[in-house]
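Student: One-letter residues, chain by chain:
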Amino acid sequence: MSLTPELVAKLEREGVSKAVIEQLNEKLASYGKISEDKMEKIVDRVIKSYKRALVEPGENVGVVAAQSVGEPGTQMTLRTFHFVGVKELNVTLGLPRLIEIFDARSKPTTPTMIIPIDKKYSKDRDKAFEIAIKLEELLVDDVVDSSTIDMVNDRIIFELNPNLLRNRGISLEELKEILESRIKSIEVKITGSLKKKDEPIYMEVSSKRELNIQQLNKLKERILKVRLKGIPKIRRTVIRKVELGNGDYEYVIATEGSNLKEVMKVEGIDRRRVYTNDIFEVYRLLGVEAAREVIIREAIRVLEDQGLDVNIRHVMLIADAMTRTGRIKQIGRHGIVGDKSSVLAKAAFELTTKHLYDAAARSAVDNLLGNAENIIAGQPIRSGTGHVKVYLDLLKLLGESEDGGST
Amino acid sequence: MVVREETEYTIKGIKLSILSPDEIRKMSVVAITVPDTYDEEWTPIPFGLMDSRLGTIEPLQSCATCGERMESCPGHFGRIELIRPVLHVGFIKNIYQALQATCVECKRILLKKETIEKLHALIKKYVDRNQPYFANLLINLASKKASKTDICPHCKTQQPKIKFERPFYFYEEGEKGSKLLSPYDIYERFKQIPESDAILLGFIPPSRPEYTILFVLPVPPISIRPSITLETGERSEDDLTHKLGDIVRTNEKLKQSIDSGSPQLIIDEHWNLLQFHVATYIDNEIAGLAQSVHRSGRPLKTLAQRLKGKEGRFRNNLSGKRVNFSTRTVVSPDPFISINEVGIPYEAALKLTIPEAVTAWNIERLRRAVINGTEVHPGANYVIRPDGRQIDLRFVKDRTQLAQQLGPGWIVERHLLDGELVIFNRQPSLHRLSVMAHRIKVLPGKTLRINPMVCPPYNADFDGDEMNLFVPQSPEARAELEEIMTVEKQIQTPRYGGSIIGALHDYITSAFLLTRKGTKLNRFVAAFVMGMGEYKGELKTSGREIFESFLPEIDYENKPMAVFDEDDKLLIIKKGKIIKGVIDHNAIGDQKNKTLISKIYFNYGPSAAAAFLDKTSKMLLGFLDHYGFSIGLDDLHLDESVYKEVDALIAKHFEKVNEYIEKYNRGELEREPGATIEETLEQRIMDELNIARDEAGKLVEKYFSKDNSILITAKTGARGKMLNLFHMTACIGQQALRGKRINRGYENRTLSHFKKGDISPAARGFIKSNYIKGLSPIEFFFHAVSGREGLVDTAVRTSQSGYMQRRLINALLDLHAEYDGTVRDSEGNIIQFRYGEDGVDPSKSYGHDPVDLDGIIKEVLEE
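Chains as they are written, first to last, in the numbering used here: chain A, 1 to 407; chain B, 1001 to 1863.
Bear in mind the hints are in silico, worked out from the structure with no lab data behind them. Mixed in with the good hints there might be a few duds.
To be verified - Derived DSBU-like pairs: lysine-lysine, alpha-carbon spacing no greater than 30 Å straight-line:
hint	chain 1	residue 1	chain 2	residue 2
1	A	K41	B	K1858
2	B	K1615	B	K1644
3	B	K1615	A	K329
4	B	K1569	B	K1580
5	B	K1858	B	K1575
6	A	K354	B	K1574
7	B	K1148	A	K38
8	A	K354	B	K1124
9	B	K1644	B	K1580
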């Protein structure tokens, strides 16, 4: 059975969240036939239960959120690296990552992406591999075994790794072409062939200009940094099989390094589900709401990975506080706390004297609105039970209405 | 409603600004000119640092200014008239900025007239609206822009570059070379800056730029810097007094040298010294400036140091306050008191009091309390007469007579009574459950007693933990404790919506043994067991029935942790009857989601849940006492043949590891993508060894009987994991250091017992022994290595997570739910339109679901 539109309307009217209504519908479906008045009864009880579960006005949800995320911090491991499904790919998790998220650092220590493949061939491992190879950044450095500078002839000699070239599908001609087009002032000569096994391939690079030894060295570095293939910053890719439940599965590409903008342009991936753990990259490309989502997901993931159970609402509140202004603000003195208008709250946190000096110069007034300020002043705070104010209409008490008449 | 008079004054706001010289003079009662404190007779020297006009710190002495005694005289400021002005170090940056941003000639800010007007209007608007954030942005913008301007837009003068040299020297670098700007020069410039420009520089009236140059220095009252008398009778002055002495002395010397017409060089030297002393008087931790030290070499704690940091005024005294009516001692367990209770020693009960106003209804009780006095328990320590005088009962000769005088208007500070609410706390207070309200129970013994079931929220154990107890002094406080802070109301944790309080250890074991199939008790034992749980009703003899007797009529379903019997795969309770399954940690355990306890909590209320826990736990204890349950070496005994099997198994895996190593040596090992060949080998070995340990575990598991005590505690979730059992009986396995096999120590080897380059399991910290067999010395060492890593890790982690939490709290502490369902900060800014997107409080939800839908549907369908 499922809910009638009237019952759905009733639930909605009473403020029951969509998620709960949906869940109820799903659950009811598995129970077979249910009579109409029982249905009604169920709905009434759900409403009652839901209302009972609502937050009370005045509740200090911020403190509760901070404590709920902070308290399990003591139980987290410090070991920075953790494997994500596949052994080869490391990602910073645990307390350091959580701190990193709340610090709103501009770059994560281990940027990584999860790239699902287009539904059409999401079960095709070879196709996934094909795409992955396309994504992976290949620098000249990656195919070079060794390099030397030939000072007599003013050239640089690279010993190339034939296996890597073959694996990554770069022909010698391509290599030459890319290099010469990228750095105009050089001439590239390659000896050897990919077809012959176990025979070293040498690449000689000479400049059209006269170069001294430092310049040659610089040139060498420049050549090694030339990108032959793939997307910048995507250093490595790993194909991972993800179970979707009910025996269903799909292949996704996990990467080391992140470049959301370029990856999204790649053909054959599921653009809508591409994910990166780089919060600021998401912020710059997709905006603050998407960044908020990443903050939530990343924080929850760290906690879950440690086997810690934290209600998502707490993390959501923290993420919302961080993104409230439309920009990502740090949890700390350069962010949320630093932007508070209360001098006392800021002084009680960090950089006490700086805040006092600044306030004095600006003749700042602290209006004692927040909790920290009122504690400092020795007054009751204005949230929690202090949120309630009782007004007494003296006139009514005397039996007279406001307009003078008696009631 | 509790009627309480509004505190007479409510502080609506606090304004900070810079004192002007005039104000300093106006509030000063004396100009200090003598750098000494007291004469030989310990009387304050007039015009000295301890001048009696600055207030008094001697009891019974009157203040020379206001005539009040020590208790009521707030102290009065004096002043030091500085012969030559000095800069205020706290405002050095502001001074630098103002110098750069204003014109040397016309003293205007280096911005176009229209810009000034526009910015001025905007800044004023934001200041008036009390939005300092935006005002600050504009001020920074203005100053930055003006500092970069070279030619004055007003008088077209070319601006010299201003150079700042730490800690407090400014140079004007014109064509003729660089010229030091004296405080006089700076003052002259600042004085002429018009108000509209000063605002753009960040000086908002009444603060003015020139106030950052000190001509007069306020001398704080003595009560701020009291002198102390050591046991030796020696007097010792406060650091501030010392520093002020330096300033006065230097100031007088400077005056003399000027008056006597000393060379300019000498004068400048004194002037500079004065600047140094005033600077360190304000802040003794200025970068680039030597710290001012005490005779012993200890740096002086001057004004900034008093405010700053964890031990500073703000964090130590203003944000956190110490209180009376509190106590602290060691805690120990008492399973026979309620989770809502705390046992306190008699000695503590004699000191902790509650002020109770005498009324017609309590006068007899209070009279008896007064008669009992301070030494007998339900007594009293003080009586406050209607005129406000406090009488100490220790010194009242005839208490009976005093008791007769009691009447309305009197207040008796009587001892705490059983059942009264107090606040109980264990540090670190990481979440709100670290502070809960308990009802006291005066017990013999000298420790505080708690029910072991409240250990999880406090994270307490009894290895010497101490806890704090506070007695609320007002009816409002007591009402709040009762309504929101009692232990039973904290059963549901806001972190994950499960019950944090629940049965532990023996209770779980007992519940499992009691409710598993076939447990039958004889009538005498059954009567004892049920009696332990205060059960009054029909006597039951089967284990399940006994447990059921303690359940309310409730429906509940769950998967038990322990599955010894196929029938026990699911626990089903209908109308308070166990249909099938066993009770274990998943049903009544602590720190779990969707427990029976949560269900009782929501359906029958907090008190019912607490009563269930109290009674059931005692009953379970009674049962286990009779049933008998212990753990001994026998539980870990395995036949020699099993050990041989384990050895063979591990040897087999070692062999495999060796194969990998040989393969690697021969260069045949395939490299895994994205890893070096060595990393691949290491990974292979680690995988293999993990399999070895797991298989060893699985191997021994078969040989344990179903009645093995450790097996029962592990499988029911009472204590320990299966892994612990395997560690004891099978194989401890790989010891790790930084997530890798142990590989550091000597050159290419961990210990000198191995050959260089040996990467076999044994040489890299694999322990094939178990705790029963014992470890070899080498294994023991590796075990200690990873044990130490754990300790270091914990130490580092606590400080890191502590700071993270402090930041989180400070960032979010003002966020609260409003009546309209939004979440706002203290200024009314909306953070969320609906809390958590659905308005549901996690502590009131059933696990992660706002509503227990399955429960409701089943309940209705079965009606």
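Student: Give me the numbers of the hints this structure contradicts, sorted from smallest to largest.
Tutor: 2, 3, 6, 7 and 9
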